[in-house]
Every structure is written in structure tokens, then in C-alpha cells.
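Chemist: Listed below, chain by chain, are the residues.
Protein chains: 2
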Amino acid sequence: MDCYSPYPTAEESPYLPELRKDPLTGRWVIIANDRAKRPSDFIRQPVPPPAPGICPFDYGNEHKTPPEVLAYRNSGGRDEPGWRVRVVPNKFPVLGIEGDLDRQGEGMYDKMNGIGAHEVIIEGPDHNLSLGQMPEKLIEEVLWAFKERVNDLKKDRRFLYIILFKNFGDAAGASLDHPHSQLIALPVVPSVVRNEVNAAKAFYELKERCIFCDIIRQESTTGARLISETDRFSVIAPYAPRFPFETWILPQRHESHFEDADASTIANLARVLKATISKLEKVLERPAYNFIVHSSPVQEGPLAHYHWHIEIMPRLTKVAGFEWATGFYINPTPPEEAAKFMREAGLG
Amino acid sequence: MDCYSPYPTAEESPYLPELRKDPLTGRWVIIANDRAKRPSDFIRQPVPPPAPGICPFDYGNEHKTPPEVLAYRNSGGRDEPGWRVRVVPNKFPVLGIEGDLDRQGEGMYDKMNGIGAHEVIIEGPDHNLSLGQMPEKLIEEVLWAFKERVNDLKKDRRFLYIILFKNFGDAAGASLDHPHSQLIALPVVPSVVRNEVNAAKAFYELKERCIFCDIIRQESTTGARLISETDRFSVIAPYAPRFPFETWILPQRHESHFEDADASTIANLARVLKATISKLEKVLERPAYNFIVHSSPVQEGPLAHYHWHIEIMPRLTKVAGFEWATGFYINPTPPEEAAKFMREAGLG
Numbered sequence: 001m002d003c004y005s006p007y008p009t010a011e012e013s014p015y016l017p018e019l020r021k022d023p024l025t026g027r028w029v030i031i032a033n034d035r036a037k038r039p040s041d042f043i044r045q046p047v048p049p050p051a052p053g054i055c056p057f058d059y060g061n062e063h064k065t066p067p068e069v070l071a072y073r074n075s076g077g078r079d080e081p082g083w084r085v086r087v088v089p090n091k092f093p094v095l096g097i098e099g100d101l102d103r104q105g106e107g108m109y110d111k112m113n114g115i116g117a118h119e120v121i122i123e124g125p126d127h128n129l130s131l132g133q134m135p136e137k138l139i140e141e142v143l144w145a146f147k148e149r150v151n152d153l154k155k156d157r158r159f160l161y162i163i164l165f166k167n168f169g170d171a172a173g174a175s176l177d178h179p180h181s182q183l184i185a186l187p188v189v190p191s192v193v194r195n196e197v198n199a200a201k202a203f204y205e206l207k208e209r210c211i212f213c214d215i216i217r218q219e220s221t222t223g224a225r226l227i228s229e230t231d232r233f234s235v236i237a238p239y240a241p242r243f244p245f246e247t248w249i250l251p252q253r254h255e256s257h258f259e260d261a262d263a264s265t266i267a268n269l270a271r272v273l274k275a276t277i278s279k280l281e282k283v284l285e286r287p288a289y290n291f292i293v294h295s296s297p298v299q300e301g302p303l304a305h306y307h308w309h310i311e312i313m314p315r316l317t318k319v320a321g322f323e324w325a326t327g328f329y330i331n332p333t334p335p336e337e338a339a340k341f342m343r344e345a346g347l348g
Numbered sequence: 001m002d003c004y005s006p007y008p009t010a011e012e013s014p015y016l017p018e019l020r021k022d023p024l025t026g027r028w029v030i031i032a033n034d035r036a037k038r039p040s041d042f043i044r045q046p047v048p049p050p051a052p053g054i055c056p057f058d059y060g061n062e063h064k065t066p067p068e069v070l071a072y073r074n075s076g077g078r079d080e081p082g083w084r085v086r087v088v089p090n091k092f093p094v095l096g097i098e099g100d101l102d103r104q105g106e107g108m109y110d111k112m113n114g115i116g117a118h119e120v121i122i123e124g125p126d127h128n129l130s131l132g133q134m135p136e137k138l139i140e141e142v143l144w145a146f147k148e149r150v151n152d153l154k155k156d157r158r159f160l161y162i163i164l165f166k167n168f169g170d171a172a173g174a175s176l177d178h179p180h181s182q183l184i185a186l187p188v189v190p191s192v193v194r195n196e197v198n199a200a201k202a203f204y205e206l207k208e209r210c211i212f213c214d215i216i217r218q219e220s221t222t223g224a225r226l227i228s229e230t231d232r233f234s235v236i237a238p239y240a241p242r243f244p245f246e247t248w249i250l251p252q253r254h255e256s257h258f259e260d261a262d263a264s265t266i267a268n269l270a271r272v273l274k275a276t277i278s279k280l281e282k283v284l285e286r287p288a289y290n291f292i293v294h295s296s297p298v299q300e301g302p303l304a305h306y307h308w309h310i311e312i313m314p315r316l317t318k319v320a321g322f323e324w325a326t327g328f329y330i331n332p333t334p335p336e337e338a339a340k341f342m343r344e345a346g347l348g
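So the protein lines, in turn, are chains A and B. Note that the first sequence covers residues 1 to 348 in this note's numbering. Note that the second sequence covers residues 1 to 348 in this note's numbering.
Pulled out of the complex, with its shape left as it was, chain A reads as follows (with noise of 0.2 Å):
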């Protein structure tokens, strides 16, 4: 963040940033709370609705995509209109699903082949709904998409790790308008997972219990950065967040492994999406996000010390020099204030 501000819109005041570490990674984080933190002192930059155009989503392009390798129906054959979910793989995918594993060196560098797994998950055919938009019935099902997607992925046993993500507007890198999320299945445990798993597994050696399951207990007692709680999840403002109105959906029973939740789980955590993403819509208007699931390496476990959760990032302060070099982030929003702003936004 680049903060010298030549027209100050706040008076000079006591000024007592916080600096707060996240227990799990240990990743420092400022809270700058002399700083806009109102939502009304951000920029705003709506993602506009979507534009009109040809779209490969849309019903009667679907050989514009790659073969569908999984699709929910009302009607149609494969790659025919009628489908209520569809999953295709990428059409320019950043890894190729063939070939071996070659693991080479360069000099002193080391390089292996690109292989890998990247599908868009297409979240309808409505091409303009938000995910705050869409009945709840249809988020269940591309969780079901999800779940089917992953669990089909990691038989194949070259796969170490699978991510799920949705990037919602332009300033979240996404590049088309059409409601869809993302997965990409990898050849290693990348090392920021490898770090968080890790360090999960350091705090459970040392208590014997989760760390996940201790936070969601201390943020269910204090209550201050608690946004709602369902009997199934918590969705709470983590202590030392990234950014303004980073919003983290905790399911309360422990679980490693997103693939593995049940139908109930399922049905809840769409519940649950729906409502959160409203409250941000509805708070920070139509927001750009990245939501990301965060789940234990496919061919390990079930882990005692890791828990699934899904962390959703608004995107409205740009990451500037200082947290790239650093990790160290700038937060002008406490999260005890976000939390509450999404609290009284209700919706759920």
C-alpha cells in the first residue's frame, strides 16, 4: 500500500496501529486503525454486470468448450444444452493432463514436467448471476461438482494436490464474466499448503488438539469477530487478516478433507456461501473476490491436525511492494469492525 495521501480526509489522530500474527502461519499483520475502515471510505469499483457477447458458458456454445467431463441435467445429451452444472476442462489449461513426471535438473535449477489437471467448473447457465444471486439449490450442486470433481481426480495417484477457486471480477484476475470457479490438480504440495499443513501439524504435536477447532471455540466465546454461526459452520473475520473484510467459513465438526463432507454438510455450506457472499455484496457492493478452499493434501490422511476451510478475500486495496517482499500485510480494517458490519447486514 502506498498510503501518502495528499488530502488527508481524516484528522490526525492517536495513532496505535496493531501488529497481529496469524497462529498458523505466523505471518504478521498490520492493522492500521487510524486508516479508511468504514466500507464507505473504500474505493469502490463494483464488478459491473457482465457485458453481452458471445460466451463459451452459455447455452448452445458448449462445443466451444472441451468435452464435458461431468454435467448435471434437466435434458440433453453430453455437450447439449440443458445441463444445471457443467464441468470442461480447460480450454488453455496451465498444466497437461498427460505424460509422465520428469524430474530433471538444469545446472543448478530444477524443473519437471508441467502435469496437471485445470477445469472450469460452469456455475449455470445463467450467464449473470452473482454467487450472492443464485438459488441456494444451485450452489449445492456445484459444491457437488466439487466434491465429484476431486474425488475423481485423485485416484490418479500422480496428483498431490487439488485446489478449488472462484476469482469474481475483473481486479480478482477473473477474465470472463460467466459464473464459474476453477480447479487445478498438481504434481506437488505447493509449499505455501505445504507450510500451512505443517505448521498445523507442529501446534497439534504440542496441544493435541486442532488448531482450526481451537480458533472456532475462542471465536464462538468472545464473539467480536464472529459473523454467524450455523450448527454446522462458523464464519468468522480471522484474527490477523489480510485484507479488509477477509471472511473465513469454518465447518465445526473437524474434518481434513473438503471431498469428504456429507450431503447434510453440503446442503448447509450452501447455505452458508450464499449468505456470506450476499453480506459482501450487500457491504462492500458487488465486491471483486477470490474465494479459495483450503483442504488437506488428497493422498494423505484423514489428519487429526488439519480442518477444511473455505477463506474469501474482497479485493479492494492493491498489494503493493511492501507486502511482496515482506508477506507482511496492511490492513486498514480491523476485523472486529468487519465482522460486525456483516452481522448487521443480516441476510442470514
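Possibly wrong hints are sitting among the right ones.
Any copy will do: because identical chains look the same in the list, a pair fits if it lies in one copy or spans two.
[Claimed, not checked] Taking lysine-lysine pairs in the DSBU-like style, the calculated list, with each CA pair at most 30 Å apart, reads:
1. K201 x K340
2. K340 x K64
3. K111 x K340
4. K155 x K21
To be clear, the hints were calculated from the coordinates, so they are not data collected in a lab. This structure is a prediction, so every number in the text was calculated from the model and none was measured.
For chain A, the structure is supplied; the task is to place chain B on it using the hints.
Modeler: Just chain B now, kept in the frame of chain A:
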């Protein structure tokens, strides 16, 4: 990166992505070399020329900033016009310089006071110059100001790390047009820096050589990723770059701390930095970028295992959900091609 494009511009071709590992951090990068890779294939968003308006960094507005902590002057007294380079505290610092470093628990969490310094290095009175356009002598004085401020601040033993960086352009997080860099002094060594220094130490313990010295030797020998060399600096496209046209400037002689650089090193660095940024401005048409001085923790050393250097990251691509979740970057431009374009740009 959200890569599904409704309007493919490239023919479908034999697809050979490559996974490359950064030898220091262990970070994997996908070099997705069937994608947009020539400079002209990127969506160009040249940073626009500065807009006219009242600027707190212009001559005559010295009272709009906090009092200067350093200035190199032709004329005038403190906080008057006549300076060539001026350093001031950030009016809205992310950390405050007063107070004790009070560490506390909050339930299972950890926090501390936000003690630190946040300063702005104003790179001359001319509101409109980019770094590539500045006289070399001005850049040299900016680098002297960097060095002088770090050497002053490190006397305060509360500060364990001092980061120097520049954000250029809105996409890189800059919010003011007037040429400037920033400095933040921190009461902790950020985890990203600590991991990098520890990894360099592990390499040194294994090989009894500095990994950066090895990189310089390998890149100088193979040449494919070498952009330029002087007798003091090597400029390279790193083997596993996170971003298209990511560029590193490394001093050839081992030195762990930037602030220990001698006068002739600073003079040569000014020349190399100007030439390198000029090439990026030419090849990529005035892109947004961050540059970051990677140096050793200020209270440690000198270190045989860490080697200061500058990393320049043009911001042509958006960082999306996948990269956030995994630390696994997708880069459509092989560094060998970026280096070739940079070499062919000429400009020294």
C-alpha cells in the same frame, strides 16, 4: 490467473508447460509457454503521465509534509525549496516511531504495538520524471539517501528489518504520481525474509558457498537469462520468475547488506538501475512495477550466506485465487525470452 478466453488468439499447439523451482525459496512456478508471451501480447496499460494538481512533494509545498529527516540541497534551509532529494516521514505511517515494544497475548493469539518508521524518499522536485528518465546523478543521490537513512535507523535496536521499495503506477499500488520510494523499519524480521535468509544459510552450510554467487556464475556462463553485466553488477531474468519480465540486479562481489555499499558501487548501481528500468519502459511501454531491495536483517551480520540484491516486478498480470492459495505462480513468459527482449532493447 483466470485463463479461459472466449476468443483464443493462438492456435492450439503441442502443449509443454514446465514447472520450475526457485533454488532459494523452493517456490514452484508454472512457465506456461503456449500463452501470451511476447511483449505485444500483454494488455498494455501504460502508466499515464502525472495529472496536474497540488502535490505535497513539489517545491513550495514542503509544509504539507512532516518535517524532513534528510535532504540534499542546492539552496534553502530545512523544509524550504532548493533540495535535490528529500526524505520525510510518511504523514500517514503504517507504524509509529514512539513507544515501547509491548508484546501481548489475546487468548490464543499474539500481538504487539505497531512500532516502526515509515518514510518517503522524494526523488527530486520534478513531478513528471520516471526512473528511466531521471538523470543518473539524481538516481545516485536517491540511492545515497536510501543508504544514509538505513544506517541512521539501524542505530535504533528496536528495528530488526528495514525494507526499501518503490511502487510505480496504480497497478503496483502507488497512490501518488510524484516520483518517490519508501522505507519501512520493522520490529520483527518478516517471515518471508526470514525464510529467504534461512534457506540461503542452509545452502551455505551444505555447499560452503553463497547461493547468489552461484546464481551469478551460472547465469554469466550460460547467458540465456543474462540481461546485462558491468564490472560490478549482473542483471538477470531469474530462472523461476513469478512475473513476466521479473528482473534481478545483483552485485557481483558478495555483500550481505545494501547499506554497506561503497561510493563506486552506488554510482555503478545508479547507472545499471537507470538502464534496466529504461529497458522495461521501452519493451513494456512504461509498465507499472514494484522494485524491492532485498537485504539482510539490519542487526545481523555481515553474513557470508546472504547477498543483497534488487528485484523488479513489472505488474502486467493479475494475481488471482490460485496464486494466493498456493504461492505457485503462473508466468506466461519464459525468462529466456524476456531476457532476449531486454538485451535487444539496447540502452546500455
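Chemist: Now tell me if each hint is right for this structure.
Modeler: Consistency of the hints with the structure:
{"no.": "1", "hint": "K201 x K340", "result": "neither (32 Å within a copy, 45 Å between copies)"}
{"no.": "2", "hint": "K340 x K64", "result": "neither (45 Å within a copy, 35 Å between copies)"}
{"no.": "3", "hint": "K111 x K340", "result": "between (47 Å within a copy, 21 Å between copies)"}
{"no.": "4", "hint": "K155 x K21", "result": "between (37 Å within a copy, 26 Å between copies)"}
Against the hints set out earlier in the document, violations occur for numbers 1, 2.
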